[in-house]
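Can you make the complete structure from the sequences, with help from the hints?
Chain order of the listed sequences is A and B. Position 178 of the first sequence, counting from 1, maps to 178 under the numbering used here, and the rest follow consecutively. To convert, count from 1 in the second sequence and add 1000; that's the numbering used here.
Honestly, the hints are just simulated from the structure, not real lab data. Some hints here could point you the wrong way.
Claimed, not checked - In silico DSS-like pairs for lysine-lysine, Cα to Cα no more than 25 angstroms straight-line:
#, chain 1, residue 1, chain 2, residue 2
1, A, K360, A, K347
2, A, K38, B, K1067
3, A, K396, B, K1067
4, A, K10, B, K1207
5, A, K396, A, K347
6, A, K406, A, K396
7, A, K347, A, K38
8, A, K174, A, K197
9, B, K1396, B, K1406
10, B, K1396, A, K67
11, B, K1038, A, K67
12, A, K404, A, K38
13, A, K207, B, K1010
As the list claims (entries may be wrong) - Short, incomplete list of chain B residues facing chain A, as computed with Cβ under 7 angstroms:
#, residue
14, I1004
15, N1005
16, E1046
17, A1047
18, L1063
19, A1064
20, S1070
21, G1073
22, A1112
23, F1118
24, K1207
25, T1285
26, F1286
27, N1288
28, V1293
Glycine included, every Cβ here is placed at the ideal spot set by N, Cα and C.
So you can see what is in the structure, the chains are spelled out below.
There are 2 protein chains.
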Amino acid sequence: MARINASYRKLAAGYLFPEIARRTREFIETQGDITVMKLGIGDTTEALAPAVIDGLHHGVDLLADVKTYSGYGSSTGQAPLREGLAEVYKSYGANVNADEFFVSDGAKGDSANIQSIFSADNIVAVQDPAYPVYVDSNVIAGRTGESADGCYQGLVYMPCNVENGFFPAVPDVKVDMIYLCSPNNPTGAVATHEQLKGFVDYANEHKAVIIFDSAYAPFIQDDSLPRSIFEIEGARSCAIEINSFSKWAGFTGVRLGWTIVTDELVVEDSEPGEVKAMWNRRQNTFFNGASNVVQAGGLGVLTPAGREQTDATIAYYMENARLIRAALEELGITCFGGTNAPYVWLKTPGDLGSWEFFDKLLAECHVVGTPGAGFGPSGEGYFRLSAFGHRENVEKAINSIQTKLKI
Amino acid sequence: MARINASYRKLAAGYLFPEIARRTREFIETQGDITVMKLGIGDTTEALAPAVIDGLHHGVDLLADVKTYSGYGSSTGQAPLREGLAEVYKSYGANVNADEFFVSDGAKGDSANIQSIFSADNIVAVQDPAYPVYVDSNVIAGRTGESADGCYQGLVYMPCNVENGFFPAVPDVKVDMIYLCSPNNPTGAVATHEQLKGFVDYANEHKAVIIFDSAYAPFIQDDSLPRSIFEIEGARSCAIEINSFSKWAGFTGVRLGWTIVTDELVVEDSEPGEVKAMWNRRQNTFFNGASNVVQAGGLGVLTPAGREQTDATIAYYMENARLIRAALEELGITCFGGTNAPYVWLKTPGDLGSWEFFDKLLAECHVVGTPGAGFGPSGEGYFRLSAFGHRENVEKAINSIQTKLKI
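In structure tokens form, the structure reads like this:
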């Protein structure tokens, strides 16, 4: 008599983005022939860079000829890709080696799976608000109790709010696994070296592990801000970093990411090297390597032309962010983020709840955004607008907000 | 103080294929300038079909133009691919619907991850020998005790041997999750309708779930044998099927697979539909969809030209299997499989242990195969040779075995 993993029943409602899609679909069905403008999901919209297209076509051509065909690759990724990524990180000032990169099919999977190599009784801390995958994967793994008032019992929420500049202080209780995302999704806040150093010191002192999501690092415009946690002294013994080409190079549909697990990482009951070996074993058992075609595209990103072309697309999205934020501020709406991250985080006008503002923005302006409450209890009363979009569509959405939103 | 998932420490030795690679590398290093012939890992070697190459290039071209670019897709896969796959299954006589297909990046990941939606205290049964991923993923999930004499405590091994034609009888104890693979890796045996019906009846009676791996179905030459468990009456309420393009179309490096979870599947503590919804939620949380480029290649497989071309490559590999088996039998070695599956399963001559024969074949003939013992205790004394290879390399390996093996 097979039984299910009952932790799934603890999950509150649907995953955020399918829920947004459902509400949007229902609105369209009731309204008939209207066009909805999407500043919701952080999904890339611009064509891939020519250097990436060349890389992908080359990857396909290799498979068309028996002399260059390849089957199973390393589950950790092709060496030139790992080496190229390590070079980029070194240019940031990060202390990492190529053989510490584990190439994957994207940061979402790695973010969800990384918890599986740790004990089920570890205490988990998350920024609040946070990307839902950190929370949901730990609920499913049984590290939480039931959900009540938008919080899961047993999970430590680190509130991010106006007072702390949307980056939390280190926990005042003992925690074992700490998820940090910088530049932050959804708030757009970026941690400073000093702020990250505080967490690294905490983690080393308590033998906690930091899971650092840097998927938006290429959007940092201010060179004084860290793009990798491995720029911070002491991080090699306490941190894991997860990143991808999704936002950097428009790979949201192409799928390519990586996780960095260093040789020096230690936790309470293991020596340096064991956690890295466990992640390697996890990938060897649950994963069969990223697509060879897709990895060829990733190598295209890392060429000088690829770097220049993807930088240009990032600048394009950041100009969208600037336009969105400027327009909202002109309406008197308080905004955060949007300067070193592709997300504008706004305080809902009139103290509306996040989902109330979602429905209002959809009904009045036909614009879809993302309710802050969907990212955690401290997101209530906030709202995320994404800077990913064609300029003309972003401008239409801005114009609709400016002319139709009743504040 | 973070702690690791201590179940990883229960895993016996390394994962099979990395271990083979290590021994082979060491042999080459000690021998100097020799060429090793590989009939080991079941890795495809022939170029992708032209229709697939066209599909992949088309998928890349779509991303080069802002008008056709796409980002995040459905985590369950593109509708035309799911519909095309359902048509293929219907042509086998399988009772499935397109919306029951969950497209993924391959069967290995799905085989490893499927257990995660079930309770940690379920009792697991595996064919012995079996693909190591079924066992290892359940060890890591904590469903077994320690390993002793090649067996994990708490796991139910269903021996496959000469007496039962390498397909087991239904368990005589109560089990909850049953992994079946047909055509079988590693033995090459194919279950009949009657044999599968026995397991379906057992599962329905005990509300157990069958996890059916049909990755080698396209290699079946005898049309009286089932290619999907959903050809069996009653399977919709008790079975999950996992399959991929890896062997069918040479996608071992390209990565594309699928899992079928029906609307009717029930287990002890859930109604029809809940398990399917849970797998959907699992994929939404831990996975972000298969690569759009790769899915375009998958659509190429399903075109009439793609079907014809991939059939031709399968026939090519099956001729390899025939040649390998014929040569071994000429040497007086007892062989199984190789007629409806790309694996020849041989009884080691002289009652050698599997790893002894591995070392002997490597030392005397410079041929790499796969020790049967690596697939489970009942594999001891057997050895797997893979039919995946260029004809000239396969012929060289056969010739080396015929002229150099000292029996």
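Results of checking the hints against the structure:
no. : hint              : result
1   : A:K360 x A:K347   : holds (14 angstroms)
2   : A:K38 x B:K1067   : holds (16 angstroms)
3   : A:K396 x B:K1067  : holds (18 angstroms)
4   : A:K10 x B:K1207   : holds (23 angstroms)
5   : A:K396 x A:K347   : holds (22 angstroms)
6   : A:K406 x A:K396   : holds (17 angstroms)
7   : A:K347 x A:K38    : holds (19 angstroms)
8   : A:K174 x A:K197   : holds (17 angstroms)
9   : B:K1396 x B:K1406 : holds (17 angstroms)
10  : B:K1396 x A:K67   : holds (18 angstroms)
11  : B:K1038 x A:K67   : holds (16 angstroms)
12  : A:K404 x A:K38    : holds (16 angstroms)
13  : A:K207 x B:K1010  : holds (23 angstroms)
14  : I1004             : holds (5 angstroms)
15  : N1005             : holds (5 angstroms)
16  : E1046             : holds (6 angstroms)
17  : A1047             : holds (5 angstroms)
18  : L1063             : holds (5 angstroms)
19  : A1064             : holds (5 angstroms)
20  : S1070             : holds (5 angstroms)
21  : G1073             : holds (6 angstroms)
22  : A1112             : holds (4 angstroms)
23  : F1118             : holds (6 angstroms)
24  : K1207             : holds (5 angstroms)
25  : T1285             : holds (5 angstroms)
26  : F1286             : holds (4 angstroms)
27  : N1288             : holds (4 angstroms)
28  : V1293             : holds (6 angstroms)
Against the hints set out earlier in the document, no violation occurs for any number.
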